[in-house]
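J.: Once you've looked at the hints, dock chain L against the given chain C.
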Amino acid sequence: MSSLGTHNADAIAAGVTNDPRPVRGAPILRLVQVSKRFPGVVALDDVSFDLFAGEVHVLVGENGAGKSTLVKLLSGIYQPDGGEIFFEGAQVQLRTPHAAQQLGISTVHQELNLIPHLDVGKNIYLGREPMRGKTGVIDWAALYSGARDQLRQLGIDLEPHTPVSRLGVAMQQMTEIAKALVNDARVLILDEPTAAITAEESEQLFQLVEKLKAQGTGIILISHHLEDATRVGDRATVLRDGKYVDTVPMATSTPNDLIRLMVGRELTQQFPKEEIPFGEVALNVDRLNRAGVLRDISFDVRQGEIVGLAGLVGAGRSEVARAIFGIDKLESGTIEVFGKLVSNSNPGKAIANGIALLPEDRKHQGLVLLLSVGDNISMAAPSATGAPPGLIPPRNRFLTARRYIDALRIKTPSSRQKAMFLSGGNQQKVVLAKWMLTKARIFIFDEPTRGIDVGAKIEVYRLMGELLKGGAAIVMISSELPEVLGMSDRILVMREGAIVARFDRAEATQESIMSYAAASTQEEMGAAA
Amino acid sequence: MSAPATPVVPGEGGNRLTIGRIWQTFGPLLSLIILSMLIWSQESVFMSSGNWVNVARQASLTAILGVGMTFVILTGGVDLSAGSMVALSAVSGALMIDKHGWGMWQAVLLMLAVGALAGMINGLIITIGKIPPFIATLGTMQIYRGAASQLTAGQPISFLNKKVPDWDVWGTRSLGPFPSPVVIAFCTFLVGFLILRYTRLGLYVYAIGGNETATRFSGVQIDRYKIAVYTFMGICAGIAAIMLTSRLNSAKADFATGEELNAIAAVVIGGTSLFGGEGTLVGTMIGALLMAVIRNGLTLMHISAFYQQIVIGAVIILAVLVDRLRRRGT
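In order, the protein sequences belong to chains C and L. Take 113 as the starting number for the first sequence in my numbering and just add one per residue. Take 832 as the starting number for the second sequence in my numbering and just add one per residue.
Okay, chain C solo, but in the shape it has when bound:
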């Protein structure tokens, strides 16, 4: 490929690794001090990483540790801002996903990229259909026999004519792997392959991984499930806050070792947590259920209290918020607000019952970016601006907004400024102002400080404190453990749609939370016993 800048291969191969690890020749893939920055965030900071042929190298880390960024660099979706990537000894630049694949680095992303209406064979060969000579006519016989060979070789029991839409997630994943390997990939990247499949299906997947390993393919496995690492991993590299932490051989490491490495950061941030006496029970949810999403979720929150919901992405925390707020329908379970049974069948009713949701995705769920600060603040409770029924004159919007801009110290040139031009922290304050205007008494913060710089974070924490002093109750969903530990009075840990552990502020530690959030069912049993 002309797009791949190559250096002298021999010169590079000579400078092999100085790691004290079992060396099986030169690494097939090597990242040297790779960095990737986004505005305001260093997603990867000087990370080095290598992979040998016939090795399963597991990447672990908390949400936001930089795993996905690393995968995107290797699959040609992002370009690094610094550092070098070597493939089979030669320096390469992976400018596009196509370039990465051509080179022999194939990625199976967490979101599967199959075309459901096409069959397995067509999906496997998508974009690389065998042609009859140069006629541009597809050689269907060659395509299906090639697909059949490929599947057989991988030990996947699948008929190439089956439409992908008829396959379960696990089989779709197998199809993706077959597709990834049809180019004789030397490196296969599996991003969270076990996130959506059952334990037996995972086992099937791991058998395939072992087979590929025996054939000399280098495999990078990204997984939240630490037992995956112990099951198939040869080595594990731990990332934390975009930085390289350590690489350990799995033969001598336990999941607990990994957890310690994953969370071992210091609590450098400040959490202005105040002691506020608790009042009445503001919100009480009892056995909320939603098939495949939520299982028997029960908890309560008192006035003046923050209940933190910890867990990994996909554990069902946001789904709890959505259910309480009336976005998703519940199959069973009850919600009580200040002792009164309520039915929040849509957000409008939830708001009328005094509940507010500050969603995790501010830009898509929290704000209308094209509208002004004043419009956004007035949106949920136009009557509260003093406007007559049905009306919301600009004067009311902007006078009301002015009050909150002053009270919450929202940095904006005017209340007529479009929300899109505000910084993340100030946008979050606008969302908060919108809910304060509805006179909400129960605030659900979903990832309250995501994408917000440190200074603004502390302001958000302070505002949470103000709400509590005013008699509000807060449910806080957060993937940042220091935040959960620093701000919550009680902590609930969720995994796979259920609450698996409850801690008081005093007894929770990052390690204990992580072990419940990431542990397998057996380990959890063991820990509970």
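Quick caveat, the hints were computed from the structure, so don't treat them as lab data. Using N, Cα and C, we set each Cβ at its ideal position, and we do this for glycine too. There could be a bad hint or two in this list.
[Unchecked claim] From chain C, some residues computed to sit far from chain L (all C-beta separations above 10 Å):
| id | residue |
| --- | --- |
| 1 | N225 |
| 2 | Y256 |
| 3 | S257 |
| 4 | S314 |
| 5 | G328 |
| 6 | V357 |
| 7 | L373 |
| 8 | N396 |
| 9 | D412 |
| 10 | G445 |
| 11 | S455 |
| 12 | K546 |
| 13 | R614 |
| 14 | D616 |
[As the list claims (entries may be wrong)] Computed cross-link-like contacts, DSBU-like style, restricted to lysine-lysine with a CA-CA straight-line distance of at most 30 Å:
| id | chain 1 | residue 1 | chain 2 | residue 2 |
| --- | --- | --- | --- | --- |
| 15 | C | K441 | C | K475 |
| 16 | C | K385 | C | K523 |
| 17 | C | K184 | C | K355 |
| 18 | C | K461 | L | K961 |
| 19 | C | K581 | C | K452 |
| 20 | C | K452 | C | K441 |
| 21 | C | K475 | L | K961 |
| 22 | C | K441 | L | K961 |
| 23 | C | K441 | C | K461 |
T.: The following block gives chain L in isolation, referenced to the frame of chain C:
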């Protein structure tokens, strides 16, 4: 190494006056002025007050439908049935006048009601049926037009002024120097403008088009407001039907065929985003005027109607192209 894509840095560029921003506010108006000057330089009669009255009258149908269409497009939708709704309410009213001896106000109310009902049906199909507005109104465009033809058996209903002598008040008389179609268009615009600016419906029209999810998460009953918007579009079609039957002193099932496309063009030329959330009613009015000016000017210059069509088509594309470049600029 290629530079990473840099997203808009928040907090910057808020109030800077970029060319893009100036264009958004004054672009359509500027085009209108420049174009008028150009035509004036070729044909001096263009600037006479009599001709301007003419232009305004020609623009009024597009303007009236454009008011409703602006609402619809601001929510991120579209209404292809607008022309058919005009025809359906026109023949409904005309039939009652012709066959059942209805008086003026009964007919006027009926036409508005038929328009409102047709629009509400659009809204119900879109919200409850969850069918994209393009498809839903593509269907009702045929249905309403077919219903209009069926009602009249394909025949025109003529000489409405014989049954209701004052029927010409809506189309051919004047209020001072202003022809009644222009007055009606202005009143419709004013109502639309006040709704957009002062009511919750107005705020939610922009909010739904800007970000439907966030609006729903703010407790707004999206469906209710969408139905209201399509109903309003239907009422505008009813108003257009009253004006048109009065001006032509008749009603026919092929009335206003293709007028929805002129209305959409006026909205787009006026700077409203087809994705919704951004745009103004003033822009739509200028868009309607701009198209009338082009037609009028080219006619004055003895350029054939076929060329006029080509020019208008080019203007629509140009308007969206400029808008796209503007968006990239900000």
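J.: Could you tell me which of the hints above the structure violates, numbers in ascending order?
T.: 12
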